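Q: Model the placement of chain B on the given structure of chain A, informed by the hints.
Letter by letter, the chains look like this.
Number of protein chains: 2
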Amino acid sequence: MTHVFEDADSFAEEAVHGYCMVHERIVRAVTGGVLRSTVTPAGKVALVIGGGSGHYPAFAGYVGAGLADAAIAGDVFASPATQLIASVARKAERGAGIVLGFGNYAGDVLNFGFAAEQLRAGGIDVRVLAITDDIASASPEETSRRRGVAGDIPVFKIAGAAAEAGLSLDDVERLARLANARTRSFGVAFGGCTLPGSREPLFEVPAGKMAIGLGIHGEPGIEETDIMSASSLAALLVERVLAEAPDGASGRAAVLLNGLGGTKHEELFVLWTYIADALERGGITPVSPLVGEYVTSLDMEGCSLTLTWLDEELEPLWLAPCDTAALRVGNTAPAERAPALPDESDVRRSWPDATPEAKRAGQTFALALSRLAATLRNAEAELGRIDALAGDGDHGQGMTRGSRAAAEAADEAAKAGAGAASVLAAAADAWAARAGGTSGVIWGLGLQAASGAFDDRTSPTREQARQAAKSALEAVMRLGGARPGDKTLVDALAPFVETLVADIEADLPTKVAWAHATERAHEAANATADLLPKLGRARIHTERSRGHRDAGAVSLALAARIVGDTINEH
Amino acid sequence: MTHVFEDADSFAEEAVHGYCMVHERIVRAVTGGVLRSTVTPAGKVALVIGGGSGHYPAFAGYVGAGLADAAIAGDVFASPATQLIASVARKAERGAGIVLGFGNYAGDVLNFGFAAEQLRAGGIDVRVLAITDDIASASPEETSRRRGVAGDIPVFKIAGAAAEAGLSLDDVERLARLANARTRSFGVAFGGCTLPGSREPLFEVPAGKMAIGLGIHGEPGIEETDIMSASSLAALLVERVLAEAPDGASGRAAVLLNGLGGTKHEELFVLWTYIADALERGGITPVSPLVGEYVTSLDMEGCSLTLTWLDEELEPLWLAPCDTAALRVGNTAPAERAPALPDESDVRRSWPDATPEAKRAGQTFALALSRLAATLRNAEAELGRIDALAGDGDHGQGMTRGSRAAAEAADEAAKAGAGAASVLAAAADAWAARAGGTSGVIWGLGLQAASGAFDDRTSPTREQARQAAKSALEAVMRLGGARPGDKTLVDALAPFVETLVADIEADLPTKVAWAHATERAHEAANATADLLPKLGRARIHTERSRGHRDAGAVSLALAARIVGDTINEH
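Same order as they appear, the protein sequences are chains A and B.
Our numbering runs 1257 ahead of the 1-based position in the first sequence.
Our numbering runs 1257 ahead of the 1-based position in the second sequence.
Next comes chain A alone, as it looks inside the complex:
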C-alpha cells in the first residue's frame, strides 16, 4: 500500500525532488529528471536512462560517476514524455553522443524513440537501447518483444562503465547491446501494489499463491502456483534462467537477486543461499552478485533473478567503480561540483493572427477539450482498472493528465486569441509533453496531425474535418505501429474515421456523420473484449485479461461523444 503522498498527481515529481535534495552530492533536479551534480568531462558519451516512476532506485538512483549521466522520470508506471526525454538528454550531452536506455515497454519505445529523432534532428548522434531481459514476457523466438525488468541494471552498469572509460559511442552501444543480449531475468510475485491515491491495489495475487512471470506493473504472467519454499523457488528461478543461457556463454555471470519492494532483504538473503547453490550446480560462478532492492514496483511483493553472462570485455566493466545513490562499487575520485545550470524559463507562445470565425472555432475546441478533461477525470479509476487487467494500469492517469494539460493549453491559447489550428496545436503539444506514457505520445501525435488540417482564418469546414480525421488516424497508425485488431485505440479510431469520412463523402450532415461514427467507435471499443492483446504486452496470455475491453479504445470512444456533443451545441 502506498500511504505517504501529498497530491497523488505530483507524487513522482515530488519524489524526484526529495531524492535530489537528499543526494545533492551526486545529483541535481532538472525539469523531467535528474542530472549528475558533478563535472562530467567533454567528449564523454552520455548514458541517459529512464522510464516510469515507482521503481526506485530505478532510474534516478543510478545516476552518478561510472554509471548514468542523467535519468528521466515519468509519472508512476508511465513513460516520460518525449519532450522531457529530449530536454534532459540535451543537458547531459557532452559532444560524444548519447545512449538512451530504457525498459522495452510500448510507451517508452515510442517516447524515447521520438526523443531520439528530435535529438538527431538537432545534430546529436543518439543510440536507442531497449532492455529485453524478462524471459517470461515473450518466447525465445521473439526476444525483441520481451519486457525490460531488473536486467536494466547490469546492462546500464556495463554501458555506464564503458562510457566512463572514454569509449566511443559505437563501442558503448556495441557493449550495451552485447550485455543486453546476454541478460536474462525471471521473476515471481506474491502480491500487487497500490498507486498513490488509490484505495485498491492495481492488481493482486491470491493469498498463498505465487504468480510466475508476472510483470512488474501486473502484466499477465505464465501461471499461478502455491507459494514455494525458498529452496524450491531458488531451483525454479535458476532453472528458468539457465535454460536460456546464451550461445557460447561462459561460466561467469553478473547476478542480481532483486526484491520488488515488499519482499525484504532478509528473505532475499535466505533465498540467495539456495540460489548460490543452484548456480554452482549449474556451473555458474556469480561475479560480485547484488542482492537487494534494485528495481522495485512500489511495495509489490516478489523477486526476480537476473544473470548477465560475462566475457573478458564485459567483466571489467561490471566490476568498474561507480558512485551512485543506489549502487557503489569501489572508490571513485572525489568529483568537482558542476556549476549551476541556467534557469529554465517558460517559453511564452505567440499565436498567428486569427479571424473572428477561427477564434470562435478555437474557443469551441477549447471547450470540448475542457469537457473531455472533466469526463476523463471522472472515468480515471475505471479506465485504470480496465487497463490493469491486461497492461500496466496507467491509462486512466495518463489520459487525465494529458487531457487536463491539453485543455489548459487550449484555454490559454483561445483566451490569447488563437485560431482553430493554433488552439489544437497548442493542446497537442501540451498533451504530448505532460501526459507521458503510451497514450500521451499517441494522443499528442494524433491531435498534432489533426491540427494541420485546420487553419486560423476560417471556421472549420466539412472537408477540413474529414482531412483532420484521416490525418490523425494515419499519424497514429504510422507512428504508433498499431493495426486494427491489436487491441489499442486504433480499434475504435479506425472505424470512427472510416465512418466519418464515408458519411461526409456521401454528403450526410456533419452532425449525423459524427454521431454515426461515434456509434461505430463505441461498438468497436466494446468489441475489443473479444480480441487478444498483441501490442507491447506479454504474449503469454492469461484468463485475467480475456473478455475485457481495451482502455485506449474506450477512451477514444468517450472522446468522440464529448467532442460531438460540444460541436452540436455550437
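These aren't lab readings, by the way, just hints derived from the structure by calculation.
All clues given are correct.
Over 10 Å on every C-beta distance to chain B, these chain A residues come out as not near it, computed from the model:
no. : residue
1   : 1381
2   : 1569
3   : 1609
4   : 1621
5   : 1636
6   : 1705
7   : 1719
8   : 1734
9   : 1766
10  : 1786
Here are the simulated distance ranges between beta carbons:
no. : chain 1 : residue 1 : chain 2 : residue 2 : range
11  : B       : 1508      : A       : 1594      : 20 to 28 Å
12  : B       : 1505      : A       : 1537      : 55 to 63 Å
13  : B       : 1592      : A       : 1570      : 28 to 36 Å
14  : A       : 1538      : B       : 1780      : 52 to 60 Å
15  : A       : 1298      : B       : 1298      : 36 to 44 Å
16  : A       : 1480      : B       : 1594      : 41 to 49 Å
17  : B       : 1508      : A       : 1545      : 37 to 45 Å
18  : B       : 1378      : A       : 1545      : 40 to 48 Å
Okay, the calculated bits of chain A under chain B, using three or more residues with CB under 8 Å as the criterion:
no. : stretch
19  : 1272-1278
20  : 1482-1492
21  : 1525-1535
These figures come from a predicted structure and were not determined experimentally.
For each residue, glycine too, the CB sits at the ideal point set by N, CA and C.
A: Chain B only, in chain A's frame:
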C-alpha cells in the same frame, strides 16, 4: 507478509549466512553473528552491536570499516542469547575493550548485560550502551525506559567513528552516551508485519488508520488517527521531535528519515521535501541526512524521524568515512583481508559419575522437558498472540526454541548417563544459549539455579525440590529485575514457589503440594489480565493490551502442569 523462507525456525540464521555470502568483501559469518572480514588493528576499541533479526540493515548491515566491528543476530524480534553475544564479542576484541550497543528492550538489556559480566570476568573492559531514542515509548521523565529504534544508527555511527579514530574506551563510551542523550525519534505505522511461517500478521493497524508511536515490534503506541497527508505527517513528526530538543542543542542535526520496510523510498522522498521545510522553519540544518530503510521491521508499513543534535565533537564523527553494506560515507582505504578464524568445534561435555537413582531422575527430568517442548510447540502461536498484544510477540517462538534445545541437551546428557543435577544444568545451558529473547535468559538462569539444589548421587528429595524452587525464584527475580505485579512470569512463579514451599514445609505429600502450587500458578497467570504491563514495555498504554494475560506467566503455569504430570508418573 514474509513469504520467502525455508524453515521458519532457521530464517534468521540463514539470512545472516546469505548476507555474509553476498557481502564477503566486508563481513564474515561466525556462530551468532558477523565480524568484519578485514584486518582490524590491535589496540582499537571494538564496537559490537546487535539485537533481534528482522530489522535489516540493523544490525549486520552496519559492520565494516568506520562503524561496527561485529554484530550479533538473535532470532526474529528476539534478543540474541548471552553466550552468543559474549562469544562474538570475544572474537571482535582487539585489546582496548568493547562497547556493546543495542536497543533498550528487556531481553537485550538482560542478555547483553549478562554477556558484559561474562566478558569482564574474563578480564575484558566492557561498556554497555542501551539506545533510548523513541520518545513515544516513555515520558521525558523516564528516558531510561525508552525503547531504541532508528536512533541506533546515528549513535552507532558516531561511536564507530570514534573507535576507528583510535579514541580510548572511556572516550568512545562518553561520545556514544552523549550522542544517545541527544537523539530523539518519533514514528508512525500504517500496517503490521508477519513473522516467517506465520499466516497471520503479528499485529495490524486498521485500514486507513495510522498508529502514532507504535513500536517496531507492535508495542502499544499513543493513539490512532486517520492517515495524514505527507505535509501533515511531516509537521507531526518534526513537531514531536523538536518538542524534545535537548538542553543547549545546536541548530545542526544528523537526521534520519527511516522506512520500516513496507513504506518505500519514493514515499520517503516525498515526505522528506516537507520534513526539510519543517526542520528549516524549526531552525534545524540537517547535516548529511539519510532517507531510506535503515532499521526495518520485516515488511512493516510506517516510518520514523530521528534527530541527533550535533556539536563540534559529534559532527565530524557523523561525517567520517565508513564502508558497510548498508551505509557508505566517503572513501575508506582498501582493507587487507583478515586471515580465516580457527574452526569453532563443538565442546563435548562429559558428565560426573552418577548413581542409578540419580540417572533415573535425570531421565525423568529429560522426559518432562521433552513433554514441555512438545506442549510449548503446540502452544507457540497462541503464546505469540498473547505476547503480541502488549509486547513484541516473540514469546511463543522463544519458548519453543528454548525448550526444544533444553530437551535435546537433557536427552543427550541423560543418555550419556548424567545424573539429575547434570541433566538439569545441561538443559539450562542449552536453553540460555539457543533460545534468545527475554524468556530464554530467564528460563536458563532459573533452571541453572534449580539444578544447583540437586546432585548426581541421590534421587531428588522433597527438601531438594523445595530448595530448587526457592533458588529458581530468587535467581529469576534478582537477575531479571521483575517483581510480582510487573506482568511477567514472576506473577505465576512466585505463588507457585511460595505454595510449594509452604506445603512441603507443612508436610503435605509432594504430589499434593505440586498440584496445589500448579493450581495457584494457573490462577495467577489468568489474574495477570488485570495488571498493567510495567516491565520493559511502553508505559503509554492502549486498550489493546488491557485485560490480556501475560504470556510468560501462562507458559510458566503450563510448564508447572507438564512437569507435575511427568513426576507423578515416575
